[in-house]
Amino acid sequence: MGDDTPEETARIIQILLRGYQFSDADLFKPGYDRWYNILDRHFDWFREHLSLSGFSLRRDHSVIFLEKENKLLSQEEKQIVVVLFLLTDLWLEKGKSFGDLFQLSVSWTELDWFRDGYGREYLGQVGIEMGDDGEMEQLFRRLSNKGFLEYSTASRTLTLRRPAERLINMARRLHRQIQAAGVDARKEEARNHE
Amino acid sequence: MTLKFNEKASSVSITTFQGFLATANLHQGLLVDLCAEPGVISRAKLLTYMERHGISPADKDRLIERYCRTSILYEEADFEYSVNPVVVGLVNFYERRGRLTHAGFLRDQIFEIGKLTDTLQQLLFAELPEMDGIIDTVDKIYLVVREVRESGYQHYQACMRAFGDMKRNSGERPIDVRIEELKTVHRRYIEPLRELIDPNAEPVRKMALLRRRMADLGVDAGLLSESVELDIRRARLAIDIQYIDHVLIRHFETLIDTSRALLNSLLEEKSIKDALAACLGDLGGIWENLTADTIVLTGFQASQTAGMDRQGAFFNDVIHGKFIPRPRPLSITLPKEERADHLLLFDDLLLSRMEKDRRIDSWPGFVIREYVAYPPDERLKAIALPLIMANPPFVVRMSEQTFSGDLKEYTVELTDFDIVWEGDNGR
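Chains as they are written, first to last, in numbering that gives the first Met the number 0: chain A, 0 to 193; chain B, 0 to 426.
Keep in mind that the hints were calculated from the coordinates and are not lab data. Heads up, a few of these hints could be off.
Stated by the list, open to error - On the chain B side, residues computed to face chain A include the following (Cβ under 7 Å):
1) 200
2) 245
3) 275
4) 284
5) 290
Each residue gets a CB set at the ideal place from its N, CA and C atoms; glycine is no exception.
Work out the full structure: start from the sequences and follow the hints.
Here you go:
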């Protein structure tokens, strides 16, 4: 890649700066397939040049995104984590397969989001109140701009994409960390008793 | 079976083939269900099936009697029935259902083949080969091999169908139950197949031995020319052996692989489900552990970004090192309440200042000096504005010198430039 393709380079950088996360799911998205291929093939070039202006480009398997500078979790990020985790949990609870979340048009409104003592509490903790479909829909639409999912406003359905999978898979690591922390805490407690 | 059939037929009444077809046509769904039932069917079960297929209680007895008369059902004992195996074979063939066979049965049959192969060997290499004995043995082998072929294939179909059902009808059932079910199927019907395809195990060696004996028989032209019958049977047997070697073994491998893949994906799902539920239950814990990850980048609004070409040029400057911001770690200060006009440097404000002054030397320095009350981010944006603005009413004159300035949070270093206002002429 040289100076003869500055528009595409700039376009890719612009999309990254808007917070879009590229992934191999883009291979099926017209226009984006080309950009993903360029970015994937010249990842080091992009990383070095973006780092000159203070951005750090990262890749996690096929997902390529700009690292956030300030790692303090925003309310929106918390909402994203809870909503995606809960979506997957409720979907699997219905006996559906994990893979289908990434292939079918999932009618999210049919899921039991605000069940007492479960989803309702979790959503409440991140400021999504009982029955606030509108806010969740807004969130899904914002996520679709970031490459996390496809959203159809007409049918109110969504299909997850690779960046969402990356986030959902973090649950396994978090689960282990929380468990480890629990074990440590118990050991600590036992030591204090002695 | 045949004996019983004759007994029944003579004791009741002989139905025509037409009658059989008409009866079989009556309740096809019911018949398909009955054929899927392995072994003996109790009367109670039979009645339940009829219930399910909407047969009125008054008609049930008559239908059972009619099934028995047409030899679709055999009355094995009082209130116990079995379905005519010919019907079962036909229905299952066309329904592509298959029937589960215990792998142990297949193994026993293969050992039986091995025994018969030994007999064949003795007969073939006897000083005076005995034609009748050879034909009989080949015939016996043929029957057993055919049985292995058929039940093996049925087993394959039944297992595949079971997997399909599991995938399709998994709704509403918790994942643990599904894992248990699959594990049971795997242990009972799939795992034992491994022995049948293991090249070092007895069954495979027995089949190899049979192939060798068949080859021996094939080269013995004298023996074959003596009997057309033997030749036909040999050819028939060879087809089945070939089928077992090439198709059935591969089917069994597929079964083992499919079962393992299915189990893995279920276990995978279970692990993610458990992890999700645990994480949701401890949101506080997640926030603590998510401190090193990027969830989303808030990004710039489309309205804040400049036009494509300008932005491209700007980033080219960045890329080629003409403009080097030196980021320092951000220090976070809590927001104070401030008047809005001291927080944001609007483009209008900057433009009106340019218009008033007509000419501003060293724009970056000017911005830093003049707008000292504004946050560093805003001043940085103001410095960059002339470089990225579309259709500016002013001219940017690049100078030879390099400008460097301090913006508290960044050090800025770039080629210095002046602004000359052109007003409406510039557009």
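TODO: Grab the minimum C-beta distance from residue 245 of chain B to chain A and call the hint holds if it beats 7 Å, violated otherwise.
DONE: violated, 32 Å
Open item on the list: Can you verify the interface hint for residue 200 of chain B: is its Cβ closer than 7 Å to any Cβ in chain A?
Closed with: Because about 35 Å separates residue 200 of chain B from the closest Cβ in chain A, which is outside the 7 Å limit, the hint is violated.
Task: residue 275 of chain B as chain A interface residue, shortest Cβ-Cβ below 7 Å - done: At 4 Å from the nearest chain A Cβ, residue 275 of chain B passes the 7 Å test, so the hint holds.
Task: Evaluation of the interface hint that places residue 284 of chain B against chain A, nearest CB under 7 Å - done: holds, 4 Å
Task: Minimum beta-carbon distance criterion (7 Å), residue 290 of chain B to chain A - done: At about 5 Å, which falls below the 7 Å cut-off, the nearest Cβ of chain A leaves the hint on residue 290 of chain B intact, so it holds.
Violated hints, in rising order: 1 and 2; the structure is consistent with all others.
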